[in-house]
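Student: Chains as they are written, first to last, in our numbering: chain Z, 1011 to 1262; chain D, 31 to 339.
If you're looking for bench data, these hints aren't it; they were derived computationally from the structure.
Check the hints yourself; a few may be wrong.
Unchecked claim - Here are the simulated lysine-lysine pairs, DSSO-like style, with alpha carbons at most 27 Å apart:
hint : chain 1 : residue 1 : chain 2 : residue 2
1    : D       : K314      : Z       : K1104
2    : D       : K289      : Z       : K1078
3    : Z       : K1078     : D       : K314
4    : D       : K289      : D       : K203
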Amino acid sequence: MRRPCAVATGLAVVLALLGGASTATVRAQAQGGAPPASAREAAPIDLTGYWVAYVTENWRYRMVTPPKGEYRRIPASPAALAVINAWDPAADAKAGLQCRGYGAAAIMSVPARLHVTWQDANTLRVDIDAGTQTRLLRFGAGQTPARPRSWQGDSTAQWERVAGPGGGGSLRVTTANLRAGYLRKNGVPYSERATMTEHMDLTPLPDGGQLLLVTTIVEDPVYLTGPYIVSPHFKREADGSKWNPTPCSSTW
Amino acid sequence: MLIHLVARRLAGLAVVVLLAPAAVQAQIIARPAQLDLTGSWAPLATEDVQNDSVPVDYLGLALTEEGRTRALAYDESQKSMIERQCQGWGAAYAVLGPFGLRITSQVDPVKHRIVSYTIGAWEDWMTMTIWMDDRPRPSAHALHTQAGFTTGRWEGGALTARTTHMKAGFIRKTGVPLSDEAVIDWRFFRHGDVLTVMMVATDPVYLEEPEIITKGFRMSPAPLDFRDPCVPGFEGREPGDPVPHFDPDRNPFVDEFAKLYNLPQDAVMGRRETLYPEYRARIKDSYVQPPPCTESCGVAGNFVRRRQQ
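If we strip away everything but chain D, and leave its shape as in the complex, we get (with noise of 0.2 Å):
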């Protein structure tokens, strides 16, 4: 009897698969639900975010007044005093910085399954565990860290993560702020030997919109390591110096990056409006193209011409 239903059973499925047109069977391709993430992943490093952290570039953010005017009062001197050298960066530099990814997995030994993911530290970014385990979250009281407390699950083919329980940090390396209450999503998509991480930063201290970034990597067959240890040394700050500072209103580089591509300074100041395809239409009479690029034209970023000049 059990081989007459199997007969029965298989005779009817490949009727249907025979039938079935053969545009349509090409159109579908099985895809498993979760990938392997393990490995080095190669930075692309064909997107810009940052515009290699010139001064007061705010461009591509959604800030409130209030993030505008801590970002003014940053300055990039703050770096240099001892205590902050090797502060490193917070959670959102994994898709910020230039640094490829390390990523490891942990698993039971006994039930076999994925416990967390591990993306490896860089010289100046924390390492971060996505934990997979269904652990919960901790205690909104409980101790923030530069990395954060981050679980994760598989969705729709792709890892999904949040991360909490962050310290105050950045979003951007020029001190556009990041408040201890805010929230990063993430959604890592691997397509073949392109990995795309997508980070949907939400804060309600500093950002109107979430800040969404998304950067590509590629599967290297060589094993990556950005590693390297910071040691703190003398940079022309004692310790009890006061801490590096502008008045918001007296930023001295307010407008160097904005005169440096004839960008509109609405723009450069991280507003809202300008994330959207109708602030072309406001800009179209006013904007100048700048002058030919004549020199580090190339992949090199803007950076170099800064100093160039």
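Next up, chain Z with everything else stripped away, as it sits in the complex (with noise of 0.2 Å):
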């Protein structure tokens, strides 16, 4: 009788010290299911098929290209000044550079539809139409191989799933390993020191639709005094009719 009783023991110690990261695999054992094998199996939310932004908001700072240095709202640090002051959409373009805008930590903000696939059973493909952007939020920690940097960088990600019978949940976007771009179309920069955390959330419209919303926090040591914040969103769309992808422009 004492030996069970002592396996009992053991195996919760072995439990307790796996952590809070074996939460979510616990509790669905507890309730009886078997342990996701993979995100795409895990996700508490459908994130894939077409979006489109819908811009209700800083539409002035999106929809054109705002008067070259202006950068309102934005918590420019003064080493971005000199950079806000000296943009030159044409120099970009020669330098073939006409992709600034487009980088990670302003691509959600860009006037586009989203296309969202699983690209496999762990990583999450993201493509948008306005400059032909492709972004990959990769699952599980510690998968991201060393890589150069690049406008999209490298995106980890983390489903965060809602405890209790309703369910749901949002999944949770980091990202690093940027190239240097730009904020704004009208050059306010951010460094390849930035990194940015996201949090992706559906919600219901009253018209039956659904939205989604992507609060999106950027940090940069070098050209920003504080988080910037900004919180797009999208509109489901049924299918990719109006899907239309264009190449990057420094201009326009």
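Both chains come to you apart, so use the hints to assemble them.
Tutor: What follows is the structure, encoded as structure tokens:
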């Protein structure tokens, strides 16, 4: 009679040591379900499909290129001002840097359509038609091999699953390893040391549609004095009939 | 027997946990179904929803013809009338205004359940109470107020609320109207010390499509208080004077904002198609970037720039 008791105690200790990372798995087991084999299986919300930007905020900064030198509502550092005032879209184009305004820290605010798919069981792929960009949101810590810096950087994703019978949840994405780019088309910069945290939430609309809200927090020790936080949102579309890939442009 | 049973269940559970790939375990974290929203939340002001109240700026709105006409008839001098000075703004101003949020909760002392959340008043905005106790909505003919009647519940880790029974008012300080038939749906998403409040305003009279505004706030360690008594005073209009307004076809400010930033008049007038990416293709060849900004180019709004002209 003592042996099972000792086993139980030992196993309880092992479980405790496994800690918070295994919370979801433990809960799934306690509820009688099998642990998810992949991020795709574990998804508490379905982000896949086509989405269109619904530009009801920051219209003047997103739908058109604002005046050179204007950086209102961005906590730009003194170091950023020199870059802002030196913005030269023609020089960017000549240098092959037309995509500076389409990097990860800005791309979700660019008026665009998104196409979200599972590239594989643990990688969520976000294609953006404006600028023809692709973001790969990789699940699992330590999955990212060393890569050169890029406009979209390296993104690590994690589901946040809501406990309780209602379910639901959100997606948390952290991004780093970026090429330096622009927060706005008129040359308000972020540096390659910038990092970004995003929270993606879904919510129903009164007309039966669905909205994707992307709360975006950009931090940059070089060109920002504090976090730059915006929350662009997207309406779900039935299909890709309006999908319209266009190249990056430094002037428009 | 009970010990045996527990031991067997724990053993099975441990085996599965140990065999589960480490990567999968790192993919999911549990999130409580309800979060603490109480406290002071400072506004971030990193998103521009009403361009610091330049007249005839209806950017980002999908107005009906009736809504556009009403908006063009609005004269800001109405707010100088003594009976309107302390009228305040409606519920939508929670995300349109410049202030932060001071949220408290009221708890049933017996059942220890939250009965309501209260968002504290500002100097020109009424307190909003979000009832969490499943109370029924009043009759459609019940009193309509600036704040309206709001009920809420937790859904998918966010506080979800709906406001009805609002007085006819505005959805922009520039006079864009919101009717007393409007409904506002709210979502309060908390991620760490960032609170994102989303407003979806639906109005069968003045809006062709819902107006969706999201505003960010950060938890403030210092308590915030935006209350300030409104004291009406003489501002050049005598009681009984006619209500200031414009003939909608002759609004003298109709192109002021558009000219200020070389914006298409269509967009400034709040037309539905201007909210979608394809509108950019339409204006690509006609848009001319304004001259470089030389003053007040930073966090100050264009209200400052306008005053300097």
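Student: Just pull the numbers of the violated hints for me, sorted ascending.
Tutor: Per hint list: zero violations.
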